[in-house]
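Line order of the protein sequences matches chains A and B. In terms of numbering that gives the first Met the number 0, the first sequence opens at residue 0 and continues consecutively. In terms of numbering that gives the first Met the number 0, the second sequence opens at residue 0 and continues consecutively.
One or more of the hints may lead you astray.
No copy is singled out in the list; a pair is fine if it fits within one copy or between any two copies.
Claimed, not checked - Think about it this way: if two alpha-carbon atoms lie no more than 20 angstroms apart in a straight line, the pair counts; the simulated DMTMM-like pairs of lysine to aspartate or glutamate are:
{"id": "1", "residue 1": "Lys185", "residue 2": "Asp217"}
{"id": "2", "residue 1": "Lys3", "residue 2": "Glu129"}
{"id": "3", "residue 1": "Lys31", "residue 2": "Glu366"}
{"id": "4", "residue 1": "Lys55", "residue 2": "Glu43"}
{"id": "5", "residue 1": "Lys335", "residue 2": "Glu363"}
{"id": "6", "residue 1": "Lys3", "residue 2": "Asp88"}
{"id": "7", "residue 1": "Lys31", "residue 2": "Asp291"}
{"id": "8", "residue 1": "Lys219", "residue 2": "Asp84"}
{"id": "9", "residue 1": "Lys50", "residue 2": "Asp269"}
{"id": "10", "residue 1": "Lys283", "residue 2": "Glu36"}
{"id": "11", "residue 1": "Lys3", "residue 2": "Asp112"}
{"id": "12", "residue 1": "Lys219", "residue 2": "Glu272"}
{"id": "13", "residue 1": "Lys3", "residue 2": "Asp189"}
{"id": "14", "residue 1": "Lys3", "residue 2": "Glu190"}
{"id": "15", "residue 1": "Lys50", "residue 2": "Glu272"}
{"id": "16", "residue 1": "Lys153", "residue 2": "Asp112"}
{"id": "17", "residue 1": "Lys153", "residue 2": "Asp27"}
{"id": "18", "residue 1": "Lys3", "residue 2": "Asp247"}
{"id": "19", "residue 1": "Lys3", "residue 2": "Asp220"}
{"id": "20", "residue 1": "Lys55", "residue 2": "Glu36"}
{"id": "21", "residue 1": "Lys38", "residue 2": "Asp112"}
{"id": "22", "residue 1": "Lys3", "residue 2": "Asp192"}
{"id": "23", "residue 1": "Lys38", "residue 2": "Asp54"}
{"id": "24", "residue 1": "Lys154", "residue 2": "Asp189"}
Honestly, the hints are just simulated from the structure, not real lab data.
Protein chains: 2
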Amino acid sequence: MRIKLNHNLEQLEISGIRLFNSQTTAYDDVIKLTIGEPKFATPEPIKDALKASLDKNRTFYPSFAGSDTLKKEIIAYEKRINQVDYAMDEILITQGATGAIFAALGSILNPGDEVILFQPTYVAYQPAVEFYHGKPVFVDTTPNQFQLDYEAIKKAITPKTKAMIVNSPNNPTGVIYNEDSLNIIKRVLDEHDLFVISDDVYAQLVYDNATFLNQDSDYKDKIILTQSLSKPYAMTGWRIGYLCAHKDIIKSAHKVQQYAAAGIPLFIQDAAEVALNTNVDSMKVFYKQNRDDVVKLLQEHHVPFVYPQGAFYIFINISAKGLDSWTFATQLLHEKHVAVIPGVVFSQHSDHYIRISLAASNQECIEGVTRLIHFLQGQA
Amino acid sequence: MRIKLNHNLEQLEISGIRLFNSQTTAYDDVIKLTIGEPKFATPEPIKDALKASLDKNRTFYPSFAGSDTLKKEIIAYEKRINQVDYAMDEILITQGATGAIFAALGSILNPGDEVILFQPTYVAYQPAVEFYHGKPVFVDTTPNQFQLDYEAIKKAITPKTKAMIVNSPNNPTGVIYNEDSLNIIKRVLDEHDLFVISDDVYAQLVYDNATFLNQDSDYKDKIILTQSLSKPYAMTGWRIGYLCAHKDIIKSAHKVQQYAAAGIPLFIQDAAEVALNTNVDSMKVFYKQNRDDVVKLLQEHHVPFVYPQGAFYIFINISAKGLDSWTFATQLLHEKHVAVIPGVVFSQHSDHYIRISLAASNQECIEGVTRLIHFLQGQA
Chain A
0 MRIKLNHNLE QLEISGIRLF NSQTTAYDDV IKLTIGEPKF ATPEPIKDAL
50 KASLDKNRTF YPSFAGSDTL KKEIIAYEKR INQVDYAMDE ILITQGATGA
100 IFAALGSILN PGDEVILFQP TYVAYQPAVE FYHGKPVFVD TTPNQFQLDY
150 EAIKKAITPK TKAMIVNSPN NPTGVIYNED SLNIIKRVLD EHDLFVISDD
200 VYAQLVYDNA TFLNQDSDYK DKIILTQSLS KPYAMTGWRI GYLCAHKDII
250 KSAHKVQQYA AAGIPLFIQD AAEVALNTNV DSMKVFYKQN RDDVVKLLQE
300 HHVPFVYPQG AFYIFINISA KGLDSWTFAT QLLHEKHVAV IPGVVFSQHS
350 DHYIRISLAA SNQECIEGVT RLIHFLQGQA
Chain B
0 MRIKLNHNLE QLEISGIRLF NSQTTAYDDV IKLTIGEPKF ATPEPIKDAL
50 KASLDKNRTF YPSFAGSDTL KKEIIAYEKR INQVDYAMDE ILITQGATGA
100 IFAALGSILN PGDEVILFQP TYVAYQPAVE FYHGKPVFVD TTPNQFQLDY
150 EAIKKAITPK TKAMIVNSPN NPTGVIYNED SLNIIKRVLD EHDLFVISDD
200 VYAQLVYDNA TFLNQDSDYK DKIILTQSLS KPYAMTGWRI GYLCAHKDII
250 KSAHKVQQYA AAGIPLFIQD AAEVALNTNV DSMKVFYKQN RDDVVKLLQE
300 HHVPFVYPQG AFYIFINISA KGLDSWTFAT QLLHEKHVAV IPGVVFSQHS
350 DHYIRISLAA SNQECIEGVT RLIHFLQGQA
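Kindly generate the complete structure, drawing on both the sequences and the hints.
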């Protein structure tokens with residue numbers, strides 16, 4: 000039998016990050032600065048909340064949209080952190096930000112619709128757009144220090160443009176969009192009938208003052224906020240996040256959630272309520288220390304990089320070595336036993352960068368980056 | 000701003016079951032025989048396994064495909080129960096059967112592909128097919144005592160037919176496909192290049208001997224098995240199930256899983272391993288008792304019904320009352336405070352039936368059906 004499958008899916012590739020990461024098991028002593036996952040286990044109070052929920056036998060069908068009590072906590076949280084008022088029918092509980100982006104794109108895209116992605120870009124946006132037979136349209140931010148450029152966006156907009164995906168703090172660069180970038184987005188929203196999907200999964204991991212798009216209520220109905228509990232609360236494996244948007248979008252996204260998953264376990268939702276009220280400053284202090292130590296090391300050795308104001312990544316310029324980023328990362332792995340992500344994975348325009356994750360231990364960050372500097376500068 | 004959303008989703012309706020069920024809150028004393036959810040909480044050993052997994056800090060990213068240890072348990076389970084050998088790359092862990100069907104359809108459907116659904120049909124198949132721009136083609140089983148008819152299927156097949164969805168034991172009828180029906184499916188598979196999605200979520204809730212399609216290894220590569228831990232282990236809220244299929248289908252379904260959810264929590268997968276080895280005969284005895292008691296009651300009062308050999312539903316013929324099923328169920332709710340699902344929800348051909356769930360308590364089943372019989376036979 001000839002297996003005739005979904006052509007569209009056949010063309011979607013497994014993420015380059017996972018592909019490269021699978022090579023890193025070649026040696027026992029590899030320092031892995033690849034995956035953006037906190038090294039911390041989930042804090043005890045959150046685990047305890049799940050256990051208590053199980054003891055209350057919260058093992059029955061959840062509603063598709065999410066529990067009312069968690070939605071109320073999210074409303075309180077968004078009000079407290081971002082000073083935005085959401086109503087109960089403007090929230091959907093999802094499988095992490097992955098599920099939120101999947102439901103957000105599903106709620107708005109018709110086949111052929113275009114979605115603007117800013118390069119370098121998080122690797123999961125493009126296949127999610129293509130899953131819905133949408134067309135990703137790339138706008139390179141490299142020439143503009145990874146901030147946004149009005150003219151470049153205007154050139155990318157067509158009558159088919161349905162949305163832009165904005166990710167600040169950014170993966171892979173750690174850049175936070177400045178006032179100019181935010182004003183550019185607002186100007187584009189004033190001039191065009193389109194949505195912004197604001198992927199704010201790193202918004203709690205910010206090391207200096209910063210402003211975010213969704214804090215401006217004037218644009219609330221054009222913004223689809225996707226959020227996750229994964230990074231700030233060390234809950235990557237829990238697969239819980241949420242979507243905040245206009246109620247018509249939530250109604251549509253709700254159907255995606257209904258057909259794809261039929262809801263999130265209640266005991267996970269109950270624990271998420273506790274998470275949103277857990278103080279996680281100590282983790283932020285840890286990442287900031289890693290950032291500061293690595294920044295200092297790179298500066299001391301005159302290695303160019305993008306200064307990260309948020310998230311837990313540093314995007315390091317490797318032009319000095321004269322290798323493309325995949326070759327660079329491969330040689331670094333084999334010669335120095337340090338694993339990093341090649342910049343080409345995020346854009347063909349960032350093939351002279353590699354991304355390291357600062358979510359490893361401080362010792363691993365310092366030792367890994369020291370070896371990387373030696374490799375970059377041709378030392379044994 | 001005019002909200003321009005996904006047209007395709009806009010046309011997909013929220014399930015008639017949920018719609019009707021939302022009416023049942025009108026009275027405090029309603030006997031609910033609507034939703035197909037076990038009344039039992041999840042057994043303690045399964046809850047304990049989740050807690051132990053949390054204590055081991057299994058809170059990090061899962062792989063998209065599922066944990067190797069759970070996949071091994073599934074292989075052992077399918078071998079033990081169905082005598083079929085699956086390889087590790089023929090299994091994908093999903094969000095219940097909902098996620099399994101979503102991934103299965105996603106893995107094979109191109110826009111315009113047709114999927115044969117047997118009516119009366121579980122309500123979630125049609126929107127899931129339409130989600131992928133597929134076309135459901137209905138084959139009515141009412142004239143054939145809810146078994147399959149070769150000529151009817153042949154008439155429905157076109158060059159665009161990609162799959163049939165088979166659900167045995169069946170929701171809503173409780174019917175198990177007999178040897179003739181299984182042979183018809185095999186003959187169709189011999190004659191046509193198409194898949195069977197075999198939704199076996201009730202296969203453990205069988206009250207007499209029965210044979211299933213996936214037990215014939217000769218057809219293994221044409222069968223996509225979707226399974227859930229929800230019903231047999233009282234784990235509806237855990238959202239865990241799995242898909243067994245040819246490795247190329249799994250590879251494609253894996254991408255759906257990657258973009259839609261990014262995997263299932265490890266602590267849930269760990270608990271699922273324990274579930275697959277938990278004896279749940281006592282629950283089966285409970286449902287069988289409900290079935291036997293309700294069957295006896297209906298027979299005593301000469302009410303026609305479909306004899307259910309599996310699952311926990313009875314499909315009752317309400318022709319005697321001369322009302323359509325929605326009106327019947329609505330009046331029954333208001334006059335007798337008993338909630339049932341109108342048969343029209345499952346097919347326009349079963350508008351002279353209502354479905355009751357046997358997952359309620361024995362007392363509720365008996366009292367609810369007694370009131371239903373009074374209503375049907377015009378007694379006060």
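**Study point:** Up to 20 angstroms CA-CA - aspartate 54 versus lysine 38, copy category
**Key:** between (28 angstroms within a copy, 16 angstroms between copies)
Practice problem: Measure nothing new, just compare the shortest in-copy and cross-copy C-alpha distances for lysine 335 and glutamate 363 to 20 angstroms and report within, between, both or neither. | Solution: Answer is within: at 13 angstroms inside a copy they meet the 20 angstroms cutoff, but 69 angstroms across does not.
Up to 20 angstroms CA-CA - aspartate 192 versus lysine 3, copy category:
between (38 angstroms within a copy, 9 angstroms between copies)
Intra/inter-copy verdict for lysine 3 and aspartate 220 if alpha-carbon distance must be at most 20 angstroms
Between. Shortest inter-copy distance 12 angstroms satisfies the 20 angstroms Cα cut-off; intra-copy 41 angstroms does not.
*Pop the pair lysine 3 and aspartate 189 into one bin, within, between, both or neither, using alpha-carbon distances up to 20 angstroms.*
between (45 angstroms within a copy, 16 angstroms between copies)
- Task: Classify it for me, lysine 3 with aspartate 247: is the Cα-Cα distance of at most 20 angstroms met within a copy, between copies, both or neither?
- Result: between (36 angstroms within a copy, 10 angstroms between copies)
With identical chains treated as interchangeable, where does the CA-CA distance between lysine 185 and aspartate 217 reach 20 angstroms or less: within a copy, between copies, both, or neither? Classified as within; 9 angstroms inside a copy, 60 angstroms across copies.
message = For lysine 55 and glutamate 36, with the copy left unspecified, which applies at a CA distance of at most 20 angstroms: within, between, both, or neither?
response = Close across copies (17 angstroms), not inside one copy (31 angstroms); limit 20 angstroms.
*With 20 angstroms as the alpha-carbon cut-off, assign the pair lysine 219 and glutamate 272 to within, between, both or neither.*
neither (24 angstroms within a copy, 44 angstroms between copies)
- Check lysine 3 against glutamate 129 for me: Cα-Cα at most 20 angstroms, and say if that holds within a copy, between copies, both or neither. The answer is both: 19 angstroms in one copy and 19 angstroms across copies each meet 20 angstroms.
Same-copy or cross-copy closeness of lysine 283 to glutamate 36 [CA-CA at most 20 angstroms]:
within (13 angstroms within a copy, 43 angstroms between copies)
As a check of your reading, is lysine 38 near aspartate 112 (CA-CA no more than 20 angstroms) within one copy, between copies, both or neither? neither (38 angstroms within a copy, 45 angstroms between copies)
Of the numbered hints listed earlier, those contradicted by the structure are 12, 17 and 21.
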